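As given, the protein sequences belong to chains A and B, one line each in that order. Each residue of the first sequence is one higher than the last, beginning at 1 in the numbering used here. Each residue of the second sequence is one higher than the last, beginning at 1 in the numbering used here.
Watch out, some of these pointers could steer you wrong.
Far from chain A, by Cβ distances over 10 Å, these chain B residues were calculated [to be verified]:
#, residue
1, 49
2, 56
3, 59
4, 61
5, 75
6, 89
7, 114
8, 125
Listed next, the stretches of chain B that the computed footprint assigns to chain A, with coverage defined by at least 3 CB atoms under 8 Å from CB atoms of chain A [to be verified]:
#, segment
9, 9-16
10, 27-35
11, 38-44
12, 92-104
13, 137-151
The hints are simulated quantities; they were obtained by calculation from the structure and are not laboratory data. None of the values given here were measured: they were computed from a predicted structure. Glycine included, C-beta positions come from ideal geometry on N, C-alpha and C.
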Amino acid sequence: MTVITHARRKSRLSKIIDDAGGVSVGVALSRAKANLDSLAPRSLAEVAARIAELSALQPPETPEQEVATLGLAYRAANGVIDSAGPFDMADVCAVALGLCDLIDAVTPQRPFDWRVLPVYAQSLQLLLALPQDAEARRKVRDSLDKMVDRKLAQPG
Amino acid sequence: MSGLEGLRESAVINLTGAVTMVVDDSPFGLDITASALLGFGIKTRYACHSAAEAMEILKDHPIDLLVVDTEMPDMDGYELVRWLRRSGLDPNAFAPVIMTAAHVRRSRVTEARDCGANFVITKPFSAASLLERIVFVARDSRPFLEVGDYFGPDRRFREGRAPGDERRADVLRKLRHEAEKNAAAGVGE
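Chain A on its own, in the form it takes in the complex (with noise of 0.2 Å):
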């Protein structure tokens, strides 16, 4: 196969970077902080709005109901771990995660169960609502983590 290199050229960025001023990066760092922990309030209200987009959600009755339904419940679980985001929700991003995998693992062999997504918008509910240090939210997310390696282990 024919490969062509193009030499690299010096990015304007990378003259940018090192010229005179600027801030350390430890300075820069505090800033984004400073910056991000002012959205914090929002984050909350946003990931409730996507809980809320999923636990909306009818199962479909149609196949090409189902395509749509799923792209949404997709990009639904997508909003959830774009709005938790650096906000300290880890496990509410984990959880997501999982149902991503589940909704992009689904094959014709391998179709979604819908059962999951009412139990999937409770669970995140149940994360926002609970303290961060309880010990349910580590149950939650066991639970859903071992249900989505069941799923996964289903062949496909």
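Following the hints, position chain B against chain A.
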């Protein structure tokens, strides 16, 4: 600082003049990225909610950095980056590109590797990991290759190393340094 990975806290960077575009269909996702960038001194010049919107701007305006989400309706992030690399737009076709992904579908893993992005960061990402990738792509000296339908940075890290490798090396170096320091100070005797 907690979360700081392959960067020295005291290292000085200047990203103030970087013309940056952020593309994300989620308004809040875009705000998160733009807020982190602002902390680094980067004021997002172009905030786009779709690939189509980004393409129109990229045709006419040079950028220094593109941060784009992978999952978007209609044209996704992978398609946008593939288009950009093949666009012939100079200098934008060669611009550093960082992609952000909440979840990468199995069917898109190959596309994530082959679309021509410099990096894909999985969410949730920390400000430290985003900054680390920005510094990495700024210093990325890999040549661009055209191989089949691929156009983008050389995917083999021969001279430039991935931040993950740097982190491991840095951890080992730091442990060795601390061990030497402790030995010199007579710690443990």
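Consistency of the hints with the structure:
1. No beta-carbon of chain A is positioned within 10 Å of the beta-carbon of residue 49 of chain B; the least distance is around 13 Å.
2. A cut-off of 10 Å between C-beta atoms confirms that residue 56 of chain B is not in contact with chain A; the least separation is 21 Å.
3. Look at residue 59 of chain B: its CB is around 18 Å from the nearest CB on chain A, clear of 10 Å, so calling it non-interface holds up.
4. For residue 61 of chain B, the requirement that its beta carbon stay farther than 10 Å from each beta carbon of chain A is met, with the minimum near 13 Å.
5. Here residue 75 of chain B stays apart from chain A, with its beta-carbon at least about 15 Å from theirs, past the 10 Å limit.
6. Residue placement check: residue 89 of chain B keeps its beta carbon more than 10 Å from all beta carbons of chain A (closest about 14 Å).
7. Listed as a non-interface residue, residue 114 of chain B keeps its Cβ farther than 10 Å from every Cβ of chain A; the least gap is roughly 14 Å.
8. Against chain A, the non-interface label of residue 125 of chain B is violated: not every CB pair exceeds 10 Å, the least being about 7 Å.
9. Check on the segment 9-16 of chain B: 8 of its residues sit with their Cβ under 8 Å from a Cβ of chain A, so the three-residue criterion for coverage holds.
10. As drawn, the segment 27-35 of chain B meets chain A at 5 residues by the rule of a beta-carbon pair under 8 Å; at three or more, the given contact holds.
11. Closer than 8 Å: that is the beta-carbon criterion, and the segment 38-44 of chain B has 4 residues meeting it against chain A, so the requirement of 3 holds.
12. Closer than 8 Å: that is the beta-carbon criterion, and the segment 92-104 of chain B has 5 residues meeting it against chain A, so the requirement of 3 holds.
13. By the rule of at least three residues with a Cβ nearer than 8 Å to a Cβ of chain A, the coverage given for the segment 137-151 of chain B holds, with 12 such residues.
When each numbered hint is compared with the structure, a violation occurs for hint 8 only.
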